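Since the structure of chain A is already known, use the hints to place chain B on it.
Heads up: the sequence lines are chains A and B, in that order.
Going by the numbering used here, the first sequence runs without a break in its numbering and finishes at 226.
Going by the numbering used here, the second sequence runs without a break in its numbering and finishes at 173.
Since the hints were made in silico from the structure, they are not lab data.
Being a predicted model, the structure only gives us computed values, none of them experimental.
Glycine residues also receive a C-beta, built at the ideal position from the N, C-alpha and C atoms.
Among the hints, erroneous ones may be present.
Claimed, not checked - Here are the computed lysine-lysine pairs in the PhoX-like style, where the Cα-Cα straight-line distance is at most 20 Å:
#	chain 1	residue 1	chain 2	residue 2
1	A	K139	B	K66
2	B	K125	A	K204
3	B	K33	B	K(-2)
4	B	K(-2)	B	K9
5	B	K9	B	K33
6	B	K171	A	K144
7	A	K144	B	K169
8	A	K52	A	K74
9	B	K(-2)	B	K66
10	A	K201	B	K66
11	B	K125	B	K169
12	A	K204	B	K128
13	A	K139	B	K128
14	A	K138	B	K66
Claimed, not checked - Quick list of simulated restraints, FRET-style, between CB atoms:
#	chain 1	residue 1	chain 2	residue 2	range
15	A	L182	B	I95	25 to 31 Å
16	B	S99	A	V112	15 to 21 Å
17	B	A96	A	Y48	23 to 29 Å
18	A	E176	B	M24	40 to 46 Å
19	A	Y145	B	P23	29 to 35 Å
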Amino acid sequence: MVSLLIRLFYEFFKVGLFSIGGGMATIPFLSDIGEKTGWFTASDLMNMIAVSESTPGPIGINMATYVGFTVAGVPGAIVSTAGEVAPAIIIILIIAGFLKKFRTNKYVNNAFYGLKPASTGLIGAALLVVVEEVLFPEGFPGDLSLKALILIPIIWYLSNRFKYTKGLHPICFIGICAVVGIVFQFAQ
Amino acid sequence: MKIYIELFLTFAKIGVMTFGGGMAMLPMLQREIVENKHWADEDELADYYAIGQCTPGIIAVNTATFIGNKLAGISGGLTATAGIVFPSLVIIMTLASIIAMYSHLPVVENAFAGIQVAVCVLIFNSVVKLSKSSVVDRLTALIFILVLAGSFLIDISPVFFVLAAAVVGIIAKNKEA
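Okay, chain B solo, but in the shape it has when bound:
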């Protein structure tokens, strides 16, 4: 039982102390998982991270599941994941209730209208950053442009583009080999 409590608390702590998830979470994971708890070594953590990036889902959650599973099986994986999402649940629900109460005030409306500009720029920055590692040659550039235009202009689920791109990747790379 002790290990489950420890898994939950450690990952809840990591959840509370990181802003932004993904890469921002790595230094925190290193400190807690590798240095403090010795639940994994640097190499294992790097492996989990690499795999977290080439599996669907949130990288932080994937890493939590790996480590929890390694220490205490499937229920360990579930406990670690519950730990990492717990702070988000509490904080977001609290804030969402507060914001909903005041959202009709002009000052809040104006603030959010301004903030929406920041959101545009942040998403733009993230597209630029992601494209540096994902658009690496002609074919990936073509996939990027076709998906961008297709998804904006045609009203179909993003799932379609994801499945099509995976198939294109497998076929194109197989031909090369």
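The following block holds chain A by itself, in its conformation from the complex:
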């Protein structure tokens, strides 16, 4: 148990240290942890993302707590969350003294010029993994899920284009999809 907790702390310390740009940016790292350790599947991770989006609190923290709890119960949840916030706390406490200098530092800004598109690219790659998971529930190239193929563009349209629903909180679209999933038996 202790070695599992140390491993969790270490993995989430890495997530906290290398994910740039908030909660969504942790997804590629979580997906990597799942693949590497077998602690949870891509499908489990998507459910955790949905729950984390639909509950109060920062999404990144919610996801760390959920993964930690799934792997090792209450101690796991606490250790994962502590691991995820530890790098930020250390960095902030160090730079708090020379805040303005840090913000205008050339090397910091130049590094972030490269880091931001990379972070976005990583989330893009994680997106491809989850889309594959949704469209081919039995694995690619298994049977294509027609229901998902139809629902994806509809939800995209509702969240981005349709004037009565675009910009609504993610929880609304999660709710709509839950109902559609039940009515049309998406798990079958």
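Chain B only, in chain A's frame:
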């Protein structure tokens, strides 16, 4: 001691009352930190936010650490951070236990199978939104595409891409100057 309790409770309240973290948390922070508690002014909060975005980690946590540290040193920073993550811990652990109990029911399986479609679209929306501020020229577009394809096709840790991109950013911008 009073300041620690106050830090913990204020940030726990902010944690409970925001859905989504990051930018969604800013109005709540403004109201609690600037208007109610006067722990920081608008400019300071804007600075914390800007720095939160150019340091690793969760923006809300970074801001909490800044303000806690400003008011009561390192232990203040730790207390504020503990406050902001506390509601997440309680709520997620409760929900996770409940969901685990019912996850085998067909109705729950169907609901989550539907929800996974929403998750795809939400991640897609977030990639589009993030790319608007991160993909700003040819080089950043190239980094975006290479990392996306590389990370999807090759089985290596995302850490590698993050480190490589930081180095590329520093070298490329130095050459420009």
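Hints versus structure:
no.	hint	result
1	A:K139 x B:K66	17 Å, holds
2	B:K125 x A:K204	14 Å, holds
3	B:K33 x B:K(-2)	14 Å, holds
4	B:K(-2) x B:K9	16 Å, holds
5	B:K9 x B:K33	13 Å, holds
6	B:K171 x A:K144	13 Å, holds
7	A:K144 x B:K169	9 Å, holds
8	A:K52 x A:K74	14 Å, holds
9	B:K(-2) x B:K66	15 Å, holds
10	A:K201 x B:K66	43 Å, violated
11	B:K125 x B:K169	24 Å, violated
12	A:K204 x B:K128	18 Å, holds
13	A:K139 x B:K128	27 Å, violated
14	A:K138 x B:K66	15 Å, holds
15	A:L182 x B:I95: 25 to 31 Å	28 Å, holds
16	B:S99 x A:V112: 15 to 21 Å	19 Å, holds
17	B:A96 x A:Y48: 23 to 29 Å	25 Å, holds
18	A:E176 x B:M24: 40 to 46 Å	43 Å, holds
19	A:Y145 x B:P23: 29 to 35 Å	33 Å, holds
Hints 10, 11 and 13 from the earlier list are contradicted by this structure; the remaining hints agree with it.
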